[in-house]
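In terms of full-length UniProt numbering, the sequence shown opens at residue 1 and continues consecutively.
None of these hints come from the bench; they were simulated from the model.
Since the structure is predicted, the reported quantities are computational estimates derived from the model, not experimental observations.
The C-beta atom is built at its ideal place from N, Cα and C for all residues, glycine as well.
Take these hints with a grain of salt, some might be off.
Ranges between beta-carbon positions, derived for each pair [claimed, not checked]:
| no. | residue 1 | residue 2 | range |
| --- | --- | --- | --- |
| 1 | PRO101 | PRO67 | 22 to 28 Å |
| 2 | GLY122 | ALA184 | 16 to 22 Å |
| 3 | ASN172 | LEU104 | 20 to 26 Å |
| 4 | GLY193 | ASP79 | 21 to 27 Å |
| 5 | GLY125 | THR30 | 38 to 44 Å |
| 6 | SER34 | ASP134 | 42 to 48 Å |
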Amino acid sequence: MAQGTGGAVDAGMNEAIGLESLAMERDGETVLDSVSMTVAPATWFGLIGANGSGKTTLLRGIAGRLPIARGICRLHGADLSRSREERARLTGFMPPIETLPERLSATDLFEILCGDHVTASGNIGDLAAALDLDALRHRPIGQCSAGMRQRIAIALAFAGGQPIVVLDEPFNWLDPVAAYDVRAALREKVRTGLTLVTALHDLTTLTAACDAAALLRAGRVQERYSATDLRDAARSPLEFERRMIAGLRSR
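Turn these sequences into a full structure, and let the hints steer you where they fit.
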């Protein structure tokens, strides 16, 4: 595996996200410790790891939904470690589906987030077709299945038009057709300039769609994967899975 930072670039114009010795705490306990990585602009970066490894906490820290205890978090070269508001302004965030208000519709939420649903629709763009969003726009969320809510949550992450988007397990609850279409639409958004960071359990998406990745274990980066590593893994998926599981089991 690559021992440098997957997708690593110099800080500044060529860096979308830069983390240095980042630590985060929940309820007084350290959840992430000494996390360092770099994500290049217009790339898809994958985070993998067992439940409880810190993936969700890291995404929420980058997106300004949680404070950073120590270390540095740069977005497009600016150190925003102590500014949750600025990190949130620059980062699209997918809310957990259980937090979506049941009496409101997707259109209601777009208007709250952007001021009007037309702006939100423009920002979501072609991803709307992959999400079959037109069928959901006016349906109260309380009448939506888990898969429908997941599609709305993904759309909300893009509605604000931020240059960086973080998605936590976006393919959960999606049927195979929707997952395939959404993956292709996300890849196209990255091709046209989006920086995307996703927590994943799906090794197919990791190796087929991501440009770089990191494996988290117990709040630390255990492995880093470059684009070459991931392409090699796609050619030998069972061997890659075996090595990854061995890494997760190791102490």
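For each hint, the structure was consulted:
With their beta carbons about 25 Å apart, PRO101 and PRO67 fall inside the hinted range of 22 to 28 Å. The beta-carbon spacing between GLY122 and ALA184, approximately 20 Å, falls within the hinted interval of 16 to 22 Å. A hinted range of 20 to 26 Å for the beta carbons of ASN172 and LEU104 is consistent with their spacing of about 22 Å. A beta carbon spacing of about 23 Å between GLY193 and ASP79 agrees with the range 21 to 27 Å that was offered as a hint.
Judged by the Cβ atoms, the range 38 to 44 Å given for GLY125 and THR30 holds: they are separated by roughly 39 Å. At about 45 Å, the CB distance of SER34 to ASP134 agrees with the hint of 42 to 48 Å.
Violated hints: none; the structure is consistent with every hint.
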